[in-house]
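Top line first, the protein sequences correspond to chains Y and A.
Those letters in the first sequence? Residues 1 to 124, per our numbering, in order.
Those letters in the second sequence? Residues 125 to 381, per our numbering, in order.
Simulated from the structure, these hints should not be mistaken for laboratory data.
Treat the hints with caution; some may be incorrect.
As the list claims (entries may be wrong) - Taking lysine-lysine and the BS3-like style, the derived pairs with C-alpha atoms no more than 30 Å apart in a straight line are:
hint, chain 1, residue 1, chain 2, residue 2
1, A, K194, A, K163
2, Y, K123, A, K308
3, A, K307, Y, K123
What the hints assert, rightly or not - For the chain A half of the interface with chain Y, some residues (derived, Cβ under 7 Å), not all of them:
hint, residue
4, R151
5, R152
6, N237
7, L293
8, A296
9, H301
10, T315
11, R326
A virtual CB, placed ideally from N, CA and C, is assigned to each residue, including glycine.
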Amino acid sequence: MQPYTVVGDAISASLTGTKGDATHGRALVVERSSTCILCHSGPFPEQAFQGDLAPNLSGSGGRWSEGQLRLRLVDAAHLNAATIMPSYYRVDGLTRVGASWRGKPILSAEQIEDVVAYLMTLKN
Amino acid sequence: MRIALCIALLTAMAGAALATEISLDQRRSGYSFMSADTKAMQDEDTANPGMLFVLDGEALWKRKAGSADKACADCHSDARVSMKGVAAHYPAFEKTLGKPVDLEGRINLCRSNHQQASPFAYESRELLALTAYVAQQSRGVPIAAGDDPDLAPFVEKGHALFVQRQGQLNLACANCHDDNWDKKLAGSPITQGQPTGYPLYRLEWQALGSLQRRLRACITGIRAQAYDYGSPELVELELYLMTRARGMPVETPAVRP
């Protein structure tokens, strides 16, 4: 796990020290295993099955800064303890995590950066 | 003064615990979220694949088993009479064990104690069939589980588990099934998780399955460690869910997508 610093409601520095790959990020967002579109919908016309438990991802790069998006992915509960959005880069403070997932974050630091880079392209 | 404060606090806490519960007029069976085709499959006994298991269960009910060489029917006679309404009261408190048992557990206790036969394995065709046959005798009967005061601490444990966030996704049952039912998860409606029709035929499984199987699948879905079949936690969760579904009619054998 890479260390990170929260300032205000953002993590301004990349977890990997480099910029993510937006194309990889899009592929990851629509992949079922990332869990994103189980709850969110977005500009994914080819995806028949999207959720409506959470905001549409369209325009997220216009609504939030890169650092704000990074914190919302890494640990949304930091901002709202009652949120149903999982903390995608967290291994502590969880209960009864299944053996296959124990000690691992939902997304790796590289994957977080890829998703952040993709969401930043969604300006409208 | 101190006692009055305690009572006030307890009342406030009980109010908070009940605040998210679904009121009787809002309770909806998983049936109401299904397509017309799937509803028709449940409604018509000749189209309902669960009925094949019920028929197997009926044969098992009459078959002698164990070193006692007794069939269920030798003690309980005609299930259509003796088992009517029984499943609506399960899980029930078992005094000799000091804890609740679900219908599958009750059938296996009967096998061990009265038939002197080995218990059926969880999710075995025999146990599902016999459970479905017994539960089908309560079809249409309002669920009335949890009346026994001995059950109260176990209902509370089940409720605590229902609202406990767990797994890598850090979600509680309540996050979806109390707070977000009727929204869509990956395009499919989230139901209230009312266990009205178990054992039921799930098209995804291409088989009849128990409520414990469904709970284990949901727990794995949030990437938590699933409790073992027959574990106290699963029975307590079943018990809480059945008390939460009070007043809703039993649908066994239900069909679900």
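List in ascending order the numbers of the hints, as given earlier, that are violated by the structure.
1, 4, 5, 6, 8, 9, 10, 11
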